[in-house]
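Could you put the whole structure together from the sequences, leaning on the hints where they help?
Protein chains in written order, with numbering that gives the first Met the number 0: chain A, 0 to 511; chain B, 0 to 106.
Just so you know, the hints here were simulated from the structure itself, not pulled from any lab data. Beta carbons: idealized from backbone N, C-alpha and C, even for Gly. One or more of the hints may lead you astray.
Just the calculated beta-carbon pair ranges, DEER-fashion [claimed, not checked]: (1) A:S308 <-> B:V58: 33 to 43 angstroms; (2) A:H131 <-> B:R46: 41 to 51 angstroms; (3) B:V58 <-> A:F164: 56 to 66 angstroms.
Footprint (simulated), chain A over chain B, 3 or more residues, beta carbon under 8 angstroms [to be verified]: (4) 23-33; (5) 66-73; (6) 79-87.
If we take Cβ atoms under 10 angstroms as the criterion, some of the chain A residues that face chain B in the derived model are [unchecked claim]: (7) G97; (8) Q98; (9) H100; (10) D104; (11) N106; (12) F167; (13) R171; (14) V189; (15) L190; (16) G191; (17) P193; (18) G288; (19) I289; (20) V290; (21) S335; (22) Y340.
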Amino acid sequence: MEQGFRASMNWLHTWAGVVLGGLLFAIFWMGTLAVFDREIDRWMAPMIRLPAAEKPFSLESLRPLYETAAAAKSPFFSVGLPTDRDAAIRVLWSDQSGQTHRFIDPNTGAVLPDPGTLAGTRFIFPFHYMLHIRAENIGYWLVGLAAMAMMALCVSGVIIHRKIFTDFFTFRPDRKPRRLVLDLHNVTGVLGWPFHFLITLSGLVIFWSTYFPSAWQLTYNGDRLAFFADAYGNVVPKGRSGESGGMASFDAMASEARRVWEGSALRYVFVRNPGDAKSIVQIGRLDEGIVSSTYDAAYFDGPTGALISYKSGTAPVMSVQRFLAGFHFIQFRHWSLRWIYFGLGLTGCVLIATGYLFWLESRRKKHAQLGLKGVRIVEGLAVGSVTGMLIATAAFFVANRLLPLGAEAFGLDRAALEVWTFYLVWLATFAHAWARPQRAWMEQCWTVAALACAAALLNWITTGDHLVRSLSYRHLWPIAGMDILLLAGSAIAAVSALRLSRPSRVARVRHA
Amino acid sequence: MPDALLLLGIFAGAYLGFAALAMSQDRHWHHLGGARHCPRRACMALRCAGWALLLASLVLALMRDGAGFGSLLWATVITVGALSVVATLSWRAHWLRPAARLLQHLG
Chain A
0 MEQGFRASMN WLHTWAGVVL GGLLFAIFWM GTLAVFDREI DRWMAPMIRL PAAEKPFSLE
60 SLRPLYETAA AAKSPFFSVG LPTDRDAAIR VLWSDQSGQT HRFIDPNTGA VLPDPGTLAG
120 TRFIFPFHYM LHIRAENIGY WLVGLAAMAM MALCVSGVII HRKIFTDFFT FRPDRKPRRL
180 VLDLHNVTGV LGWPFHFLIT LSGLVIFWST YFPSAWQLTY NGDRLAFFAD AYGNVVPKGR
240 SGESGGMASF DAMASEARRV WEGSALRYVF VRNPGDAKSI VQIGRLDEGI VSSTYDAAYF
300 DGPTGALISY KSGTAPVMSV QRFLAGFHFI QFRHWSLRWI YFGLGLTGCV LIATGYLFWL
360 ESRRKKHAQL GLKGVRIVEG LAVGSVTGML IATAAFFVAN RLLPLGAEAF GLDRAALEVW
420 TFYLVWLATF AHAWARPQRA WMEQCWTVAA LACAAALLNW ITTGDHLVRS LSYRHLWPIA
480 GMDILLLAGS AIAAVSALRL SRPSRVARVR HA
Chain B
0 MPDALLLLGI FAGAYLGFAA LAMSQDRHWH HLGGARHCPR RACMALRCAG WALLLASLVL
60 ALMRDGAGFG SLLWATVITV GALSVVATLS WRAHWLRPAA RLLQHLG
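What follows is the structure, given as structure tokens:
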């Protein structure tokens, strides 16, 4: 029985890993980058590399933009306020032609030129949780499937591990590749287990209402807004009246919100139905000092500016969900934890990549003898999913620095061109991996090294923010961090490529 | 500054705690110049010290950041500490040799 159970878990671990490993790597990699999404925004949109505002910003200076949104009959007008990580104010509304994003300099109130990029918060972060597949929520469901598989992999991995305590600290870099990658897979898997398991679980818990819709649909008769009102404390918005209405002072509402939360800073201002007599202003609290993301918000009647209701704290049932969500979202202010998340996210990527490598190394000989094609197919998949994803990301950054502002081609705007670069390059890495199986790993490592180094150099050439400069100004530290990580990544990729190109290794792979 | 020192202390507790636990294992004990098996007394001492250091790390984390951030910081830092021990054993094992030698004489 014991043997049978372990064998079946082994089967599950192998197949879930091989089939969904590529997707899991993409999600882990993008999630790891999303830890620094705002910093990536600053790197990719040089106009928002701003010092923190010295004096408080008057929300009234946004009124012209609000009037524009109201005139365009936008259903909402959203203002993201500066935080420790992000000095610029982000304004968003929509009209028939789509969404309009604007960055505002909080020091001058000036509207900054359109950066023409989706950068970290609008490309990398959404890729992490929905893969940019909007149709029928397929993206969310694929990520959910991968997350469930990851949980199963975490559990089955512990069961099939033969010597979990004896091998607890064991990594033997001088052994044969097969043993080496298994050691690395075991060590990152076992030691990183608490983080990998919790980050996956909390990721699933965030979208519980998407993944288990029947729970609230039955209770609330399918009324999504009523459900959200109870669960998250949102005020159910009144519909449009159709009559036009004014808007009371934003600053007065903001100071009222600060007063009810005893001086707490604010995260956002969100107007529903701008320009309508029934507009509602929602102001969110910036709760950087706790792990939970509470979604505390105050609601005001737009035309009069009267406080309708406000919320602090969370009901007991949701507080567990909010804690797990907060643990996952890291919107709190804790730089040590942010870096640790980044590092542990990378160990997750190593875990997935070495899982693939072990699968390949342990089957190479046998498949060659039996004339099976499995290794070749999976190797292409693994190369494209792992190094291919790194190349596509680096190409995204390089394209960002090469395309001039306002660039257009093939009927696509600049932001779309960057995204197309990402996807086409990613696709090309799969083609390359299947076309040149013997040398794919090595050549793609060289490509990562070259592109990452080029991205850091191009940042210097196009913005003048080289490392000496970016390290000497506090507001440019995110740029310095990004450049240092790009250069470090480039070096690691180059060393890996050199190791892979040692004659013994190439010969061994070729014979197989 | 005390914040940075406490952070260092939390990491040091996790690193040294796991280093002691690793040393108490036969494979690493032998690798670090000891006999085939870690002697009973040295093994017990190392395990007690290891767990005590991990606990001390948790206490420091809770002191520094409170229950929420403290427990989160500790739960993640111990992974970083354990992986650092793995790296030390793989590439810089001689850092741990003096400690192992000292314990051999005591044991």
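Going through the hints against the structure:
In this structure the supplied range 33 to 43 angstroms holds for S308 (chain A) paired with V58 (chain B), their Cβ-Cβ distance being about 41 angstroms. The given range of 41 to 51 angstroms is respected by H131 (chain A) and R46 (chain B), whose C-beta atoms sit roughly 50 angstroms from each other. A beta carbon spacing of about 25 angstroms between V58 (chain B) and F164 (chain A) contradicts the range 56 to 66 angstroms that was offered as a hint. Look at the region 23-33 of chain B against chain A: 3 of its residues bring a Cβ nearer than 8 angstroms to a Cβ of that chain, three or more, so the hint holds.
Counting residues of the region 66-73 of chain B whose CB lies closer than 8 angstroms to any CB of chain A gives 4, so the stated coverage by that chain holds, three being the minimum. Residues of the region 79-87 of chain B lying with their CB closer than 8 angstroms to a CB of chain A number 6, which satisfies the three-residue condition for coverage. For the restraint placing G97 (chain A) at the interface with chain B, the shortest Cβ-Cβ distance is roughly 39 angstroms, beyond the 10 angstroms limit, so the hint is violated. Because the smallest distance between the Cβ of Q98 (chain A) and any Cβ of chain B comes to about 35 angstroms, over 10 angstroms, the interface hint for this residue is violated.
The restraint placing H100 (chain A) at the interface with chain B is violated, with a minimum CB-CB distance near 32 angstroms, outside the 10 angstroms limit. A cut of 10 angstroms between beta carbons decides the hint on D104 (chain A): the least distance to chain B is about 32 angstroms, and the hint is violated. Interface hint at N106 (chain A): violated, since its Cβ lies 29 angstroms from the closest Cβ of chain B, which is beyond the 10 angstroms cut-off. The beta carbon of F167 (chain A) is positioned within 10 angstroms of a beta carbon in chain B (closest approach about 7 angstroms), and the interface hint is therefore held.
Restraint check, R171 (chain A) versus chain B: the minimum CB separation of about 7 angstroms is within 10 angstroms; hint holds. A hinted interface residue such as V189 (chain A) counts as satisfied when its beta carbon comes closer than 10 angstroms to some beta carbon of chain B; here the least separation is about 9 angstroms, so the hint holds. Nearest Cβ of chain B to the Cβ of L190 (chain A): about 4 angstroms, under the 10 angstroms cut. The hint holds. Interface hint at G191 (chain A): satisfied, since its Cβ lies 5 angstroms from the closest Cβ of chain B, which is below the 10 angstroms cut-off.
With its C-beta approaching chain B no nearer than about 6 angstroms, P193 (chain A) sits inside the 10 angstroms limit, and its interface hint holds. A least Cβ separation of about 9 angstroms between G288 (chain A) and chain B falls short of the 10 angstroms threshold, and the interface hint therefore holds. Contact between I289 (chain A) and chain B, as hinted, is supported at the beta carbon level, the nearest pair being about 6 angstroms apart and thus within 10 angstroms. Annotation: interface hint on V290 (chain A) holds; nearest CB of chain B at approximately 4 angstroms, less than 10 angstroms.
Because the closest C-beta pair between S335 (chain A) and chain B is about 6 angstroms apart, less than 10 angstroms, the hint holds. Hint status for Y340 (chain A) relative to chain B: holds, with the closest Cβ pair at about 7 angstroms, below 10 angstroms.
Checked against the numbered hints listed earlier, the structure breaks hints 3, 7, 8, 9, 10 and 11; every other hint is satisfied.
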